[in-house]
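Trainee: Chain by chain, the residues:
Number of protein chains: 2
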Amino acid sequence: MAELGDTEATEGDHLEGLYGLTDDLVRATLAAIGAGDRQRLKSLTKPLHAADMADLLQALSARNRDLLEGFLGEEFDPEVFVHLDEAIREDLIEDLDSAELARVVTELESDDAVELIEDLEVAKQRALLESVSAVDRALYEAALGFPEDSAGRLMRREYAAVPSIWDVGQTIDYMRADPDVPEAFYGLFVVGPDNKPLGVIMTSRLLRTKRPVAVTDIMEPDIKLIPGSMDQEDVAFLFRQYGLVEAPVVDEVGRIIGVITVDDVVDVIHEEHEEDLLKLGGVAVDDLYEAVADTIKSRLSWLCLNLLTAILASVVIGFFQAEIEKVVALAVLMPIVASMGGNAGTQTLTVSVRALAMKELTPGNAMRIIGKEVLVGGINGIVFAVLAGGVAYFWFSDLLIGIVIGVAMVINLLVAGLAGILIPLVIDRAGADPAVGSSIVLTTVTDIVGFLCFLGLATIVLL
Amino acid sequence: MAELGDTEATEGDHLEGLYGLTDDLVRATLAAIGAGDRQRLKSLTKPLHAADMADLLQALSARNRDLLEGFLGEEFDPEVFVHLDEAIREDLIEDLDSAELARVVTELESDDAVELIEDLEVAKQRALLESVSAVDRALYEAALGFPEDSAGRLMRREYAAVPSIWDVGQTIDYMRADPDVPEAFYGLFVVGPDNKPLGVIMTSRLLRTKRPVAVTDIMEPDIKLIPGSMDQEDVAFLFRQYGLVEAPVVDEVGRIIGVITVDDVVDVIHEEHEEDLLKLGGVAVDDLYEAVADTIKSRLSWLCLNLLTAILASVVIGFFQAEIEKVVALAVLMPIVASMGGNAGTQTLTVSVRALAMKELTPGNAMRIIGKEVLVGGINGIVFAVLAGGVAYFWFSDLLIGIVIGVAMVINLLVAGLAGILIPLVIDRAGADPAVGSSIVLTTVTDIVGFLCFLGLATIVLL
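Going down the list, the sequences are from chains A and B. The working numbering applies: residue 1 is where the first sequence begins, and numbers increase by one. The working numbering applies: residue 1 is where the second sequence begins, and numbers increase by one.
There may be inaccurate statements among the hints.
Which copy is meant is left open, so a pair is good if it fits within one copy or across any two.
Here are the simulated DSSO-like pairs of lysine-lysine, each with C-alpha atoms no more than 30 Å apart in a straight line [claimed, not checked]: (1) K42 x K224; (2) K224 x K46; (3) K359 x K297; (4) K46 x K359; (5) K46 x K196; (6) K42 x K359; (7) K224 x K210; (8) K359 x K224; (9) K224 x K196; (10) K297 x K124.
Everything labelled a hint here was simulated from the structure, so no lab data went into it.
Make a model of the complete structure from these sequences and hints.
Mentor: Below is the structure:
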């Protein structure tokens, strides 16, 4: 525990006994699948939390996964589907018929059920909606009427609300008596006669207040009303910005239609961040669990684009074939300027993309930050001009080549700083997602400028 | 609203009226600062949530920020400090003396106060601890005794707990009468005589239960006990995995010492993800608000490392100077193979780093995923061998050079796939963070293998 450099300990040790999935469990499960021991599989998986069971399934190969699903049969907890990666969920759901699927969906909470239904193929979705009760069907169809990734899809339709004319006593009596009150909630919404939310009361506050006090006297009136059509990314922003635990979702005229709780938002924050990270790495979707063919398909377009930009850079080099033939040192040194530009630009780009996502890069401070990045690029340019120029000079015993690489470095790092902030700003202003594509545009710019500056300057100075 | 392609609407529109900071407000604030209108500034900032006030300060230049802080004086809400970016917080705190700082800290909740204190310079920290009450000092010192980024730093010391021998009636009476019960909480912990947590009761459940029922009958006994020394990343993992809203923090012998709530964890998830994203982009810290000198300093080491690896790649090219002089097309085409390897490898790397962070890449499935990545790399290699080979053949009317670039492409994309998963695995196994440094190791490998294969093969085949 007190070892040097142990400030960020490896995860495994610390989670001992807290995280349900262990290597031993995976091994024992594999052995039981191999032996076809249904009883042992049931006793191994029964104590698992649904999220851990999902992780166990994800740790198995597709074949063993199907076998395990088959062995468990009716005892397969529907909740597990909610926690599975999309690719694997689709795979396992394929094995279920409409009746089994209807059983799964009915056992889930409304928001989880919608999450499952929205990913189904159209035909399967229709068949499922026909095999559930009319009430459930209406509920699912209403949720599916909202855009994908919107508050309307995310919300739970079961919420606790009381009229604003009640007092604490009436509220407590109602909650004790009425079976329609949800099983668990953190806050009670106070609504007007038009069903519009006026405020929220934390249950702990209710518990500590005397019966005759009016609910409007103890409610917190400063609440955020989430429109059903709001994008989940904006919902996550509001929860994070204001430390919300629960927020009412309202229809177009402001009537309460559902509630979003922070645990759903945790998943959204996680997903959105993950998407940003993957996009910056040139991966469209999390393809860890996808089949080889799907992974190749999803990565191919990015690589095709990259081939085009690489060829573009080669065309630039092609202009200088005669010069390279005369001074071959140019071919040896030219990747250095391009590579430094790409890396310096990526640093700026990463900070900018993140600041845009966090709404921290605004029209108000954009000019100041652009100025800063140009300054940083210029100073870094001078530092690396001296270093790279020195290396080139000593390597090829040629002062001019050192000067050429130095000047090219300053120009390219200036351009890299400017491009690293302008490219995401322009993409964002155009209404697109700056995390997608900005890195490929950036490296195209820094490659081309890098090769052009270095080889062009060399042509002027050396030949 | 219904425009085509409007599925991911720009944020601004949707948050109208929900997000407190608007461009108009920034402009009005700037005008009032310019006019030195203290009253106007107070009335502009008074309705703002602390988080929005922090964003307002961050949208201003350093000079205007200091001016605004000065104008507001005593009316500057201490809570704002909690929401500020670290660089700006330090800057504003510098202007406060120990007495002012003590006032700020005392007004905050214990976890927020600790967050502020832990970032202070040692001298300032000592001075502050001497100017608060003995009770507060003991509390802060206990929290600071836990490692940085641990559960002990994150937890709030105010929690609600009742003995396991009580019933619902006693619990409700205690909560109504005792001033020590925290203002707001979601769950009540049930503790044994040794102060060890046995379970949790949601307040909504308590509200709906009759007075004579024993607390142990309605508590949820399946709770996760968080050790005070646990890394906050692991805490976040547990909250996300199990959808926790609140969890008790315990000391070495298992006694409850505090509570972590999900809203604190939202910030941690956010921070940790952000760190991962920045690290992959070669940025150590979020430097958006840092001074130019600090930004340069923090980005320089990464660029220095990159210069070294770029020079290494140049050295490899240097081996083939004689060949390049004879066939200058080699110089033109060589960046293509290296660039494709770097990009394909980055895709694999991004997926692997993410899977490691999510505990989805384990000893159990590592071999299977390595196999998959090699297969994907090989097939992608063949696709791009044909494309790049075709381009090279038509460009230079030379079949051999097309074959050489094709073969080099297959080899480099195979290596890229393998390196993209092995590098983070090895770094992780060595106990370090795979998000840091793995991308630079990867591009070094793909650059060197790319240049070596292409130029080496060309030497054998063409000359």
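Trainee: For each hint, tell me whether it holds in the structure or not.
Mentor: Going through the hints against the structure:
In this homomeric assembly, K42 and K224 come within 30 Å of each other (Cα to Cα) only across copies, at 24 Å, whereas the closest approach inside a single copy is 45 Å. For the homomeric pair K224 and K46, the shortest alpha-carbon distance between copies (18 Å) is at most 30 Å, but the shortest distance inside one copy (40 Å) is not. With identical chains, the CA atoms of K359 and K297 are at most 30 Å apart between copies only, with a shortest distance of 25 Å across copies and 33 Å within one. Proximity of K46 and K359 under a CA criterion of 30 Å is satisfied inter-copy only: 22 Å between copies versus 45 Å inside one chain copy.
Within a single copy, K46 and K196 get their C-alpha atoms only as close as 44 Å, which misses the 30 Å cut-off; across copies the closest is 27 Å, which meets it. Taking identical chains as interchangeable, the C-alpha atoms of K42 and K359 lie at most 30 Å apart only when they sit on different chains, with a minimum of 24 Å there against 49 Å within one chain. Taking the shortest Cα distances, K224 and K210 sit within 30 Å of each other inside one copy (27 Å), while across copies they are farther apart (33 Å). With identical chains, the CA atoms of K359 and K224 are at most 30 Å apart within one copy only, with a shortest distance of 18 Å there and 35 Å across copies.
In this assembly of identical chains, the alpha carbons of K224 and K196 lie at most 30 Å apart only when taken from the same copy (12 Å versus 38 Å across copies). For the identical chains of this complex, K297 and K124 are intra-copy neighbours only, at 24 Å inside a copy versus 57 Å across copies, given an alpha-carbon limit of 30 Å.
This entry satisfies every hint, going by the numbered hints stated previously.
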